[in-house]
Amino acid sequence: MSVTGRSAEACPQAPNGRAFLGLAPLVGGLDAEASSIACPVSDQPCLVALIFLSVANVPSSFPPPTTPEIVPAPLKQKTIDASGFEKVHGKTVRPSTAELETVQQAAVDNCGKVLGLSAKKLEQATAVLREHPGDPGAALRALGAPLLGALDATLSAARSVTGNGEALRASFTAIEAAHAEWRGALVAGVGQRTVDGTLSEETFRAIGKMRAGIDSRMSALRVEATRLGLSTAVEAKPATEAARIDAALARINAPSFDPARLKGWMAQFDPADRAVALEALEQIDFHTLSDVKKDVRDAHALLSAALTRDGFTSGKPGELFDNVDFSSLYAAKSGAFVGYLYRNENKIRSSCFKTLDGLGASNTPKSDRALVIVEDYTGTGVQFLFEG
Amino acid sequence: MSQYKKIYFVPLVAHENAAAKFKELAEGRGKQVGDAINTEYGIERPELAAQIVSAMESLSSSKLELVTPKVEVPITSPANTRATPEQRARIGAFLDKYKVYKYPRGIGGAEGSTAFFFKPPNTLPEIFWTVKGSRDGEPWKPLFQRTDDVSEYSTAKYYAPGAQVWG
Numbered sequence: 001m002s003v004t005g006r007s008a009e010a011c012p013q014a015p016n017g018r019a020f021l022g023l024a025p026l027v028g029g030l031d032a033e034a035s036s037i038a039c040p041v042s043d044q045p046c047l048v049a050l051i052f053l054s055v056a057n058v059p060s061s062f063p064p065p066t067t068p069e070i071v072p073a074p075l076k077q078k079t080i081d082a083s084g085f086e087k088v089h090g091k092t093v094r095p096s097t098a099e100l101e102t103v104q105q106a107a108v109d110n111c112g113k114v115l116g117l118s119a120k121k122l123e124q125a126t127a128v129l130r131e132h133p134g135d136p137g138a139a140l141r142a143l144g145a146p147l148l149g150a151l152d153a154t155l156s157a158a159r160s161v162t163g164n165g166e167a168l169r170a171s172f173t174a175i176e177a178a179h180a181e182w183r184g185a186l187v188a189g190v191g192q193r194t195v196d197g198t199l200s201e202e203t204f205r206a207i208g209k210m211r212a213g214i215d216s217r218m219s220a221l222r223v224e225a226t227r228l229g230l231s232t233a234v235e236a237k238p239a240t241e242a243a244r245i246d247a248a249l250a251r252i253n254a255p256s257f258d259p260a261r262l263k264g265w266m267a268q269f270d271p272a273d274r275a276v277a278l279e280a281l282e283q284i285d286f287h288t289l290s291d292v293k294k295d296v297r298d299a300h301a302l303l304s305a306a307l308t309r310d311g312f313t314s315g316k317p318g319e320l321f322d323n324v325d326f327s328s329l330y331a332a333k334s335g336a337f338v339g340y341l342y343r344n345e346n347k348i349r350s351s352c353f354k355t356l357d358g359l360g361a362s363n364t365p366k367s368d369r370a371l372v373i374v375e376d377y378t379g380t381g382v383q384f385l386f387e388g
Numbered sequence: 001m002s003q004y005k006k007i008y009f010v011p012l013v014a015h016e017n018a019a020a021k022f023k024e025l026a027e028g029r030g031k032q033v034g035d036a037i038n039t040e041y042g043i044e045r046p047e048l049a050a051q052i053v054s055a056m057e058s059l060s061s062s063k064l065e066l067v068t069p070k071v072e073v074p075i076t077s078p079a080n081t082r083a084t085p086e087q088r089a090r091i092g093a094f095l096d097k098y099k100v101y102k103y104p105r106g107i108g109g110a111e112g113s114t115a116f117f118f119k120p121p122n123t124l125p126e127i128f129w130t131v132k133g134s135r136d137g138e139p140w141k142p143l144f145q146r147t148d149d150v151s152e153y154s155t156a157k158y159y160a161p162g163a164q165v166w167g
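Protein chains in written order, with my numbering: chain A, 1 to 388; chain B, 1 to 167.
For reference, chain A alone in the conformation it holds in the complex (with noise of 0.2 Å):
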């Protein structure tokens, strides 16, 4: 998941002749938001580093570049005082309580328009921050906190649903709340920090990691939703192309996988195609690596059922399965493979997984023994009817 931000641009919305800047990459950290901007009327530099944080890709219309001429400054170069207002020639140069509110009004106004956030939303945002005076950082982790933990546990839910997700439909609706309510909390916090600068750097770093955690379960999220046709209600898909690549990547999250291989896979496609070569990949279930440990417990527990049913196993804990044999069909390939993994991820022996060419040698009566053959994928089943 990337995290699309600007870099030391002027912003229309600065009020009194100030210019502000929006700067937005959190995860890369606050040494990218080290700007200053020329004062026109001292030639020092300006007072005000409004610092925001942009959660969806920011349009390419906000903000356009306006002058004046912005430059860049290294972060050594210049200190920030322990309320996080500049110091020009070691003195703290603060604006007043006046100043900063429209400041602090502008920057949430601005982060709002970018996010898509009403009014309401925005409302119940501040409200929460009120809640929490003078540490917007306590607030912003005290509504992700639960966030996280409502969207792992209703990913959960949902991967695991094959048919109807109809019962997931107001957890799903729930969390789109939620989420709303910690992005404008996360609007309405950054903005604060330009007032009273109770943000430190440490809680922007550790909001910026919670924020990157949310946003990319939330792009799984959209997908499971999709997937079970509840996409109504979580907010629609990522609108822009990129923002889309950014969501499959952040799906697919494998190291395996070269994110430089998407953009490549992307090019070949007529432009005019490109859209629907999304939808289709927006299609695909990436199975992670901790998809797969998933995949090989969940198979587990429903032959663990069957073999109990059938008489083969006792179904207590701690199964031995003495009179089950385990084996994949082919040596060395992605069967044997999840078989690895299926083994590891089950605490079962390895004694029990042969080989079939081992269980064919094997002079061990089979009359009263199960037969369990793993596999990763099985497109039509002939495969193992004939070899089998």
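Where hints are given, some of them may not hold.
[Unchecked claim] For the chain A half of the interface with chain B, some residues (derived, Cβ under 7 Å), not all of them:
hint	residue
1	V161
2	D258
3	A260
4	A272
5	V276
6	A280
7	S334
8	Y377
9	G379
Note that these hints are calculated values from the structure, not bench results. Glycine included, each C-beta is placed from N, C-alpha and C at the ideal position.
Using the hints, position chain B against chain A.
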């Protein structure tokens, strides 16, 4: 394998075509399944084809069971609730337009939708996995990497050693 009292086939994902075959077997339609095997493997020798049909007919539902946590449906199937009817139609036309090798909708026209981090099945539309395709004279670069080989099939003998593994 036939000596076992029961055989459980446990794929992590099964395409609906596979689930249908197991259902056919359970319903005593082994001949249809045998015929499908002969077609898929291109078995022409009558005696071998008859053996396979006979073997499938002898399989009873109590002897064989498919156990899977997920049954996959084709991308353009109405059963695919992940896409709207308009999307399904659009994607179907798109896949046919980008026939870069032989299987625009995946092997057997399966339109699979599952990819594992270690390998995509070849039932996915070929734009996702084929390394043999080309478009406008340029080699096709698939999205996912897959290593294929023919060594497990009798047809392997027709391939030169260097052409037995690709991907």
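Status of the hints after comparison with the structure:
1. V161: Because about 10 Å separates V161/A from the closest Cβ in chain B, which is outside the 7 Å limit, the hint is violated.
2. D258: Check failed: Cβ of D258/A comes no nearer than 9 Å to chain B, outside 7 Å.
3. A260: violated, 11 Å
4. A272: violated, 10 Å
5. V276: holds, 4 Å
6. A280: holds, 5 Å
7. S334: holds, 5 Å
8. Y377: Nearest chain B Cβ about 5 Å off; hint holds.
9. G379: Interface hint status for G379/A: holds (4 Å vs cutoff 7 Å).
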